[in-house]
Amino acid sequence: MAFTPSLDTAPSLRGVEGRAMAGASPLLRRLRSAAPVLPFLAYVAVVLGIPTYIIATLAFQTRTGHFTWHNLKVITSGGQYLLGFETSLKLAVATAVIPGVLGTVLAYAIAQSRHESFKRVIASASGVLANFGGVNLAFMFVASLGPAGVATAWLSSLHLNPYDHGWTLYKFTGVAIVYMYFQVPLMVLVITPALNGLREQWREAAANLGASRWQYWRYVGVPVLLPPVLGSMFLLFGSGFSAYATAEALTGGTIALTPIQIGSILQGNVISGEENVGYALGLGMIVILMVSVVAYALLQRRTSRWLRS
Amino acid sequence: MTLPEIGDYFLSEEMMDETPAPVVATRRRRRPRLGRGVILLIAALYFLVPLYAALDFSLKNLQGHFSLSPLTQIAGQDGFTGAVLLSFKLSVTTLVIEMLLMVPTVIYVHLRLPRFRRVMEVITTLPIVIPPIVLILGVLQAARPYIWISSSPYLLAVVYVVLAMPFVYRSLDSGLGALDLKILVEAARSLGSGWITTMWRVLVPNLRSALLSASVLTLALVFGEFTMAQLDNWITVPVWIYNTSSNNPHVVTAIAMMFLLAMWLVLTLIISLDRSHRRNKGRLQ
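Here the protein sequences line up with chains A and B, keeping their order. Just so you know, we're using the working numbering here: the first sequence kicks off at 1 and counts up by one. Just so you know, we're using the working numbering here: the second sequence kicks off at 1 and counts up by one.
Don't read these hints as lab results, they were simulated from the structure. Where a beta carbon is used, it is the ideal one built from N, C-alpha and C, also for glycine. Some clues are possibly wrong.
As the list claims (entries may be wrong) - Partial selection, computed: residues in chain B whose CB lies under 8 angstroms from chain A:
(1) Leu48
(2) Pro50
(3) Gln73
(4) Phe80
(5) Gly82
(6) Val84
(7) Leu85
(8) Leu86
(9) Phe88
(10) Val109
(11) Val129
(12) Leu181
(13) Ala220
(14) Phe226
(15) Met263
(16) Leu267
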């Protein structure tokens, strides 16, 4: 591998090179010490950088390659694309906040368990379910909460069939419920280290000072946990905002979400003259997600001041 | 992902809230347990009912009788073996590139460029910022002029490496953080082993559990990835499931369930191995 040359904890083994290095300028030295990470950087630059650059430039071009604001105007001037962003944002916020709170409560309940094997099973289940999604997940929910699903039949026998009240799995709330299936485990996964970082001494100190349980949570627990919980919610926001496969498989592409609109454009369903609108939509998604990741990083930094996770 | 035993002291601390210990203790111990039970019950219902429903659906034939025939029909499905083979090839390729790229880099950064860790952290969060659907849009456009690239399924593997980076980096980073890396490396080097030997015979065995969980998450990702494969027109397992679902929903749901359960079992096994491994080490010290 490329990292072999400059890693010399035992300089005598490579005497000639070592002497040559001693005379080199500091800049060259720094470049050499950075050399082993270059393959990684190059890989990311090619596979992530070039496509992103292409999207950003094509968003401002017509099909024939001329500069234009048209694509941006199309997606911001109302109509289906703006509605898509609106629905996507609503869905992402809803499936970040609600699973964020539920996931924290659930993670706390699990962390309190005395059974190691139980925690182990939950940890692996969270790992699997957080990455679960797409077609398989959609089918599971069609089989349980679809019009002929098992849970629907149970609810129906209780005279609570949601389909009698106009609810359907294939619209906004249905999709949100399905998204929770991977968002809650994701939250459990990312918030558990922070919960484990709540130090015993803090509770003892609070108790010694005469604090009640409520006071402990009000003045110690919640303020310490708030940054990591909010930060993790931004992560959930990103995951919900960019999810495509689940909604596509569940609704067959009928729900107006930005990722689904991009997919549909990519498959050729587009009005002539608007071929590059897909790139503008992609750029819009990147900008929105960029903001949320910066927020996540800032909150994470605040967290690390308090918690050694 | 490991959850230390904090349950014990959280429960015992309930007793410290008020001074007359014994009476309060019994009263207090009940309440959080009840709340916890309710929370866990609701969560279990939400997560298990869809699983049950899918299993029930896949194992019942049209007459509503229980039958295992969907399971035996899986292998004979049209195009299924091809899809599994493609997914398998992609996952192995992804895994090999991922490990060759990430393991040396992360080890080097830990050993020699600790300040670069911040940058690595930011770079490995980038795949979260650029959604798969947007990334594949740019990748297909970038590869269009080069037919040998755009016509190869391995283009997907190259991109999957980036998708898996956030998990793999975090797993390796925490695995390396738990090692006395410098001492291990210096010991190996002073005994005369070269870099390849040090990596392969000293560091990799010590990173076993981190590498295992990173690999499993990568495999899960490749076997479950739908967005990019569909838009690049390659029939991997999830795309095959999507395309075939209307023809034979029972068999397709059975396959989906099998994959999910297999993943869960493998991951549980790895976490358990990791645990018992660590406990043994602790006993020796």
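Now for the hints, and whether the structure bears them out:
{"no.": "1", "hint": "Leu48", "verdict": "violated (10 angstroms)"}
{"no.": "2", "hint": "Pro50", "verdict": "holds (4 angstroms)"}
{"no.": "3", "hint": "Gln73", "verdict": "violated (17 angstroms)"}
{"no.": "4", "hint": "Phe80", "verdict": "violated (14 angstroms)"}
{"no.": "5", "hint": "Gly82", "verdict": "violated (17 angstroms)"}
{"no.": "6", "hint": "Val84", "verdict": "violated (15 angstroms)"}
{"no.": "7", "hint": "Leu85", "verdict": "violated (19 angstroms)"}
{"no.": "8", "hint": "Leu86", "verdict": "violated (16 angstroms)"}
{"no.": "9", "hint": "Phe88", "verdict": "violated (18 angstroms)"}
{"no.": "10", "hint": "Val109", "verdict": "holds (6 angstroms)"}
{"no.": "11", "hint": "Val129", "verdict": "holds (5 angstroms)"}
{"no.": "12", "hint": "Leu181", "verdict": "violated (11 angstroms)"}
{"no.": "13", "hint": "Ala220", "verdict": "holds (5 angstroms)"}
{"no.": "14", "hint": "Phe226", "verdict": "holds (4 angstroms)"}
{"no.": "15", "hint": "Met263", "verdict": "holds (5 angstroms)"}
{"no.": "16", "hint": "Leu267", "verdict": "holds (4 angstroms)"}
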